[in-house]
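Asks: Going down the list, the sequences are from chains A and B. Going by this note's numbering, the first residue of the first sequence is number 1, and it counts up by one from there. Going by this note's numbering, the first residue of the second sequence is number 1, and it counts up by one from there.
Keep in mind that the hints are not guaranteed to be accurate.
Label-pair distances were calculated between CB atoms; the ranges are [unchecked claim]: (1) A:LEU37 x B:GLU121: 41 to 51 angstroms; (2) A:PHE34 x B:THR166: 49 to 59 angstroms; (3) A:PHE86 x B:ARG81: 43 to 53 angstroms.
With a straight-line Cα cutoff of 27 angstroms, these simulated DSS-like cross-link-like pairs (lysine-lysine) come out [what the hints assert, rightly or not]: (4) A:LYS14 x A:LYS61; (5) B:LYS12 x A:LYS14; (6) A:LYS61 x B:LYS12.
Source of the hints: derived by calculation from the structure; they are not laboratory data. Quick caveat, the model's predicted, so the values are computed rather than measured. Ideal placement from N, C-alpha and C gives every residue a C-beta, glycine not left out.
What follows is each chain in one-letter form.
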Amino acid sequence: MTHKHIMPFGLLAKIWLVLLALTGVTVGVASFDFGYLNVLVAMSVASAKALLVVLFFMHLKYENRVLGAFLILVFVILAIFIGFTFFDVAWRPEAGA
Amino acid sequence: MHEPHKDYLGDKFGMWLFLFTEILLFGGLFLLYAIYLHRYPAEFHQGGLELSRLFGAANTVVLITSSFTVALAISALQQGRRGLCQGLLAATIVLAGVFMVNKYFEWSAKIAHGIYPGSPELAQSGGTNIYFGLYYLMTGAHGLHVVIGAAVLAFCMLRIGQGRVTAEDFGLLENGGLYWHLVDLVWIFLFPLFYLIS
Chain A
1 MTHKHIMPFG
11 LLAKIWLVLL
21 ALTGVTVGVA
31 SFDFGYLNVL
41 VAMSVASAKA
51 LLVVLFFMHL
61 KYENRVLGAF
71 LILVFVILAI
81 FIGFTFFDVA
91 WRPEAGA
Chain B
1 MHEPHKDYLG
11 DKFGMWLFLF
21 TEILLFGGLF
31 LLYAIYLHRY
41 PAEFHQGGLE
51 LSRLFGAANT
61 VVLITSSFTV
71 ALAISALQQG
81 RRGLCQGLLA
91 ATIVLAGVFM
101 VNKYFEWSAK
111 IAHGIYPGSP
121 ELAQSGGTNI
131 YFGLYYLMTG
141 AHGLHVVIGA
151 AVLAFCMLRI
161 GQGRVTAEDF
171 GLLENGGLYW
181 HLVDLVWIFL
191 FPLFYLIS
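Using the sequences provided together with the hints, build the complete structure.
Replies: Next comes the structure, spelled out in structure tokens:
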């Protein structure tokens, strides 16, 4: 049978509070205009939140490493998917679309 | 007496594989969003101004809290605290309901202002039309996941009530929880992209 690893309530509560704080940060930062940096900051904060959810709420930190490796592979595929599309789209001349 | 065959790790791996396909499904939509943001930055900025940050932020807090209650429910079940687990799952489903009610008010207010895909008001600007097309498509697909996730958690509650999911055999609840966290993950990216872009 499985050896169970039980997430302590206290740790889950801490993660929850950090997630709420990061939500506050991302809303706060959005009220300033940093131009293109805004999107970058918003995506960085979102990625940090996602990482916390995946590692602790989804328990990935304590799972078989193969699962984590597969998840990284999925994001590499997604990055190729989005990145390579931009090699095309970003260099198109501003045609009348 | 023959014990039914259980493959705990296989179950969990299967669930993650399914979640990977979900990530790529929403990934395709995020790609569309990124390309059109690149092409129509001003219109997306304008579109973002139309959305209520307050509603968006409130729904973010609701979903993050619901993820927290599911994670607590799994720990409670593993500790053998069945009643607490059921209560936490019920709270999660209530939070899913709150999210959907907020969404209902948001969408109906937009539609009442003539903002819906292909509406005459939006047809005047291609970029704004695309922004709201993606808004309805992505928050709609996400909302569907919220409803399905709540149904999955209700099913878990039922099985726990029947004593079929227990402190020793909790795989179903863990996998139901994984699905719910995915719903939260998608929203973590949707919120800044649509509501904070302005």
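Asks: Each hint should be assessed against the structure and marked as holding or not.
Replies: Hint check results:
1. A:LEU37 x B:GLU121: 41 to 51 angstroms: This hint is violated: roughly 32 angstroms between Cβ atoms.
2. A:PHE34 x B:THR166: 49 to 59 angstroms: Holds: the Cβ-Cβ distance is about 51 angstroms, inside 49 to 59 angstroms.
3. A:PHE86 x B:ARG81: 43 to 53 angstroms: Distance hint for PHE86 of chain A, ARG81 of chain B holds at roughly 49 angstroms.
4. A:LYS14 x A:LYS61: holds, 16 angstroms
5. B:LYS12 x A:LYS14: Roughly 25 angstroms between the alpha carbons, so the hint for LYS12 of chain B and LYS14 of chain A holds.
6. A:LYS61 x B:LYS12: holds, 14 angstroms
Hint 1 from the list above is the single one not met by this structure.
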